Amino acid sequence: MLRDTDVPTMMMRVEATLDAAARSPHGANGVLKVANEGDHHLNVGRTRQLAAIELEFPAGSDRAVVGRAIALAKRGLRRSLRWYVTPMIQQQTRFNHAAVDLFEGLRLSLDRLSRRIDALQQPSAVAAADLLAGCTTIVDIDLDPIDAVEGGSADGVQIDARTGDPHAVAALIESAFAALAPGGRIAILTTTDAAPVPPAAVAWAAEAAGFTQVRQQPVAPPVITPSPTASLAENLDRVVHQLSAPRTTAVVATKPRMLRP
Amino acid sequence: MTTPVAIVVVTWNALDFTQRCLAALRDLTDHPAWRLVVVDNGSTDGTVEWLRTADDASLLENRENLGFSRAVNRGIAATDPGEDVVLLNNDVLVTDPSWLSRLQSVAHGGPTVGVVGARLVAPEGYVQHVGAYMRPISLRGEQLAGMELDVNQCDRDRPVESVVFAQVYLRRDCLDRVGPLDEDYFAYFEDTDFCLRARRAGFDVVCAGGPPAVHHQSTSTRENQLDYWSVYNRSQAVFRRKWAHWLEHERHDGEVTWHSVLHEPMGYAVQSRALVTALHFANLKVGYRNAYGSPETATGDPLLDDVVHRPARPDVPQIAFCQADAFSRVTGGPRVGWTMLEVTGLPPAWVAGCNAMDEVWVPASYNVETFRGSGVTVPIRVMPLGVDTGYFHPRITGFRPSSRYTFLSVFEWGERKAPGTLLRAFAQEFKESEDVLLLLAVTNRDPDVDVEAQIAALDLPPCPPVVLLLNAGFATPQMGSLYRSADCFVLPTRGEGWGMPVLEAMACGLPAIATNWSGPADFLHEAVGYPLDVAAMVPAVARCPFYEGFEWAEPDLEHLRFLMREVVDDPERARQKGLAAAAEVEARHSWGHVAERVKQRVLELGG
Chain S
0 MLRDTDVPTM MMRVEATLDA AARSPHGANG VLKVANEGDH HLNVGRTRQL AAIELEFPAG
60 SDRAVVGRAI ALAKRGLRRS LRWYVTPMIQ QQTRFNHAAV DLFEGLRLSL DRLSRRIDAL
120 QQPSAVAAAD LLAGCTTIVD IDLDPIDAVE GGSADGVQID ARTGDPHAVA ALIESAFAAL
180 APGGRIAILT TTDAAPVPPA AVAWAAEAAG FTQVRQQPVA PPVITPSPTA SLAENLDRVV
240 HQLSAPRTTA VVATKPRMLR P
Chain Y
0 MTTPVAIVVV TWNALDFTQR CLAALRDLTD HPAWRLVVVD NGSTDGTVEW LRTADDASLL
60 ENRENLGFSR AVNRGIAATD PGEDVVLLNN DVLVTDPSWL SRLQSVAHGG PTVGVVGARL
120 VAPEGYVQHV GAYMRPISLR GEQLAGMELD VNQCDRDRPV ESVVFAQVYL RRDCLDRVGP
180 LDEDYFAYFE DTDFCLRARR AGFDVVCAGG PPAVHHQSTS TRENQLDYWS VYNRSQAVFR
240 RKWAHWLEHE RHDGEVTWHS VLHEPMGYAV QSRALVTALH FANLKVGYRN AYGSPETATG
300 DPLLDDVVHR PARPDVPQIA FCQADAFSRV TGGPRVGWTM LEVTGLPPAW VAGCNAMDEV
360 WVPASYNVET FRGSGVTVPI RVMPLGVDTG YFHPRITGFR PSSRYTFLSV FEWGERKAPG
420 TLLRAFAQEF KESEDVLLLL AVTNRDPDVD VEAQIAALDL PPCPPVVLLL NAGFATPQMG
480 SLYRSADCFV LPTRGEGWGM PVLEAMACGL PAIATNWSGP ADFLHEAVGY PLDVAAMVPA
540 VARCPFYEGF EWAEPDLEHL RFLMREVVDD PERARQKGLA AAAEVEARHS WGHVAERVKQ
600 RVLELGG
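Chains as they are written, first to last, in numbering that gives the first Met the number 0: chain S, 0 to 260; chain Y, 0 to 606.
Just chain S, with the same shape it has in the complex (with noise of 0.2 Å):
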């Protein structure tokens, strides 16, 4: 049995596709081809092939004398059975075809839950103050390494990393650590202007240092509103600004309390 394609169903596919291609390292782009059922881990597509119950058989024997008697007597019985079996095999293949377009329609809507659940995990971005909500002593340090603060005293530290030097960013994880109580916190802004250390490599040198919990999370630029006393080109200046500010990435880390022997 021939099954017609659903275009609102298709073009679901077509946009988990695109979607996943996104995702991809390659990106979305040349030529992707879209399974018309399934894809690879749930091949409905195959399922599909075996909904359809075949009714038609050759009727044949392999015995030598009355094999042909038997055949014809197989097909004889097939035929007179006819009236009565195919209403039923007919309602089977519809029952099949039925659950295989559940399994799609599940299939398409865990993919769909995928990629909702992978949109809602990609951090949105905070404001700069709100990194280390919860912290009441923090150090807040530019280049200089920290030794204004007792060790294990703070829990939390801000360090703005407007350099490309990873070692002096390295230098700074460091001293950070030393600084912070157990279970303090450290918020390393990176800030797209400065040329910075990529967030990803501060992230490795966080980790190496010994803090956990290490997460990327951007930073929401100061919001700049429009003053309805300000001329129009100050506000004008103000909307460029905001729209122009250079985009900040914090990698934010904790400092274990049990530390590892």
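Everything labelled a hint here was simulated from the structure, so no lab data went into it.
Keep in mind that this is a model prediction, so the values were computed, not measured.
Not one of these hints is a red herring.
Quick look at which bits of chain Y chain S covers, simulated, 3 or more residues with Cβ under 8 Å: (1) 394-405; (2) 453-462; (3) 467-475.
Below 16 Å or equal to it, Euclidean Cα-Cα: the simulated EDC-like pairs (lysine to aspartate or glutamate) are: (4) S:32 / S:18; (5) S:32 / Y:449; (6) Y:598 / Y:254; (7) Y:598 / Y:252; (8) S:32 / Y:451; (9) Y:241 / Y:181.
In this text, a Cβ means the ideal position worked out from N, Cα and C, and glycines have one as well.
Keeping the supplied structure of chain S fixed, place chain Y upon it in accordance with the hints.
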């Protein structure tokens, strides 16, 4: 001026359906002058008691179930002579406040409109009814678009053979002339009977578009555990007695024998199905014979599966809609060969086939020249093909897979469609970073052809996404949805007999880019699309013996790049061209237009 309307509802148990039906009526209907007449057919589930409490309804009580027709007639008899009548099943839920005003405006929109049905959907969201017809031989009523996914197909007011009376508007002058429902029908067939009588009395039957009502079909039968088949069969016997002879022998204006294919997966079969259907509804009696002498398997289309059983008469005009080398099988009265070939000439067998006919029709004007140049000497007439404007129009629901500007191409993979030219033009014109997408809905039935390998062999430069949908097998009634899911249609074809996908895309309101040669050149011009320049006429090299020694058009790749860039850079202009294309297709190229042209010629030929 607003005509007052009496809404007649027949009930037979199923109280909860009645309550919901009347509640929706009262809450929604914005018509200023309507009243309710309820006829109860012996309900025992509390329906009568509940209806007695309704002070806005005139209640007529039957002590037993008199059948649908008699109950309706009793309700109509209780209406005023100045009122139009609406029949509404108690399992219908109106969903739109203007439903009654809309039906009335259609009913009074022309002097000959007598019966106006409505678009109905099932609770599951599928289309249930956009009009109906009677199968001419097996005499079973069929609902147009029944059980199709609702993509807004047939959304406009359309003349139809009949409508179901689950929701119908009857104009008073029509009722007065046609009379009440025939009470020989206990239930079923009475609506078709009335519609046919109205048509014979000179009234038009129309199915109105607009937001549909929801119909829980066969509620009375189901709720009352009625023996459906015994009622249906009795009514069918009555209908057969009254109408079988008229439907098969008297209704038609002419007759033709159609030699073609209906079921094979080829262009002729797709168009043949549409043509036979359109000719039937244009009141031309169609007998059928397979053009190649093959046994005809069921198409799944109830009308066509009836028509194939009709004997083919040899003494009426014979139209062979197929390849010309099969024309020689046609015998009998005036013979017409309707065919096409997408290259610059015809092979000898085709020329002989054409010259064996009394006249030859071609869909596109370029074939007049190519046929004549190859030695066809009989008269050649241009008879364009068409498109179903109920299923291909700009209001069809699309399902966009992306916010990117989306090009769509629909074709069977092969040299003639120049897929390499399309892919190269797209990949060369657009950079990876650009927000565009090319959607290829491709069919490939040749097991020796590996489409993906052929695309890989093109070694395309990095480009935006090209999504390949291979043998997706889209449901035919949803093809309009596929077009509406894109922004622009593109087909740099080397030759088309007619160019159906181009016309379908245009009907859907898409700007179309297609080669300015062969079939599309007859309907694609600058005002409604983007004709693509021909670089040169080149030998037609393909796996098709009919093309040997002839040429076709090589599309200009640079111009294709230019046009694709143009629609991306100025999408609003492209959109306007698409809308102009849709208007032009609707005005000139519907299957109804084609059927009228064919019918006129068949009658001239003595059909």
